[in-house]
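S.K.: Each chain, written out:
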Amino acid sequence: DAKTTQPPSMDCAEGRAANLPCNHSTISGNEYVYWYRQIHSQGPQYIIHGLKNNETNEMASLIITEDRKSSTLILPHATLRDTAVYYCIVQYQKVTFGTGTKLQVIP
Amino acid sequence: GAVVSQHPSRVICKSGTSVKIECRSLDFQATTMFWYRQFPKKSLMLMATSNEGSKATYEQGVEKDKFLINHASLTLSTLTVTSAHPEDSSFYICSANEQAFGTKYNEQFFGPGTRLTVL
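Here the protein sequences come in this chain order: A and B.
Residue 63 is where the first sequence starts when you use this note's numbering, and the numbers rise one by one after that.
Residue 33 is where the second sequence starts when you use this note's numbering, and the numbers rise one by one after that.
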């Protein structure tokens with residue numbers, strides 16, 4: 063079973079920051095938080111991951127709470143191409159997907 | 033990043049035939065590969081974990097005789113849908129695990145998927 067809870071959908075205006083929340087209250091000490099996204103009819107694309115520290119790369123930032131029970135993915139300047147389903151996953155070995163958040167970026 | 037390919041990208045077959053889908057890690061060795069299926073507007077469902085040189089581990093409810101998995105080398109895993117029926121029509125996605133050197137986590141890379149349509 064998926065170990066994460068995400069809102070089913072969100073809208074974001076183009077050019078604004080998109081903040082996607084995720085709850086993972088049962089995360090264990092050796093599990094990382096991963097974010098992937100899936101654009102229609104494609105394989106999932108890796109975005110970012112972290113263990114307990116905040117992380118940033120060229121695509122996004124990941125903010126993990128101190129107790130590690132939740133995290134937020136931040137897309138700093140959303141574009142129309144960021145419209146996708148975003149999956150938050152806690153992972154050690156195999157990856158189990160939840161239902162994800164469908165992000166719609168609006169012009 | 034590492035690349036995973038799948039072949040074919042799209043296949044249409046008649047009911048009762050078998051279909052083989054290949055998953056390859058192109059620039060890294062993958063001791064573990066995973067197979068998922070995805071129905072329209074649904075999330076990915078893990079079907080099985082494929083380990084090189086050993087039998088696959090299937091998730092509960094997945095018929096191992098229906099979905100044959102072979103992981104013959106560190107860069108290739110195959111999924112064969114035997115005696116396919118229309119209800120097997122789905123989007124099949126593989127992923128490959130690469131142990132990141134010097135870390136405790138496993139980076140996972142996904143293929144582009146294979147769209148199977150059974151008539």
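You may find that some hints are simply not true.
Within a straight-line C-alpha distance of at most 30 angstroms, the following computed DSSO-like cross-link-like pairs (lysine-lysine) qualify [said to hold, decoys possible]:
(1) A:Lys-65 to A:Lys-164
(2) A:Lys-65 to B:Lys-73
(3) B:Lys-87 to A:Lys-156
(4) B:Lys-96 to A:Lys-156
From chain B, some residues computed to sit far from chain A (all C-beta separations above 12 angstroms) [what the hints assert, rightly or not]:
(5) Ala-34
(6) Glu-91
(7) Asp-120
Everything labelled a hint here was simulated from the structure, so no lab data went into it.
Since the model is a prediction, treat every value here as computed from it, not as a measurement.
The beta carbon of each residue, even a glycine, is placed where N, CA and C say it ideally should be.
S.K.: Checked against the structure, which of the hints given earlier come out wrong?
M.R.: When the structure is compared with the hints, numbers 5, 6 turn out to be violated.
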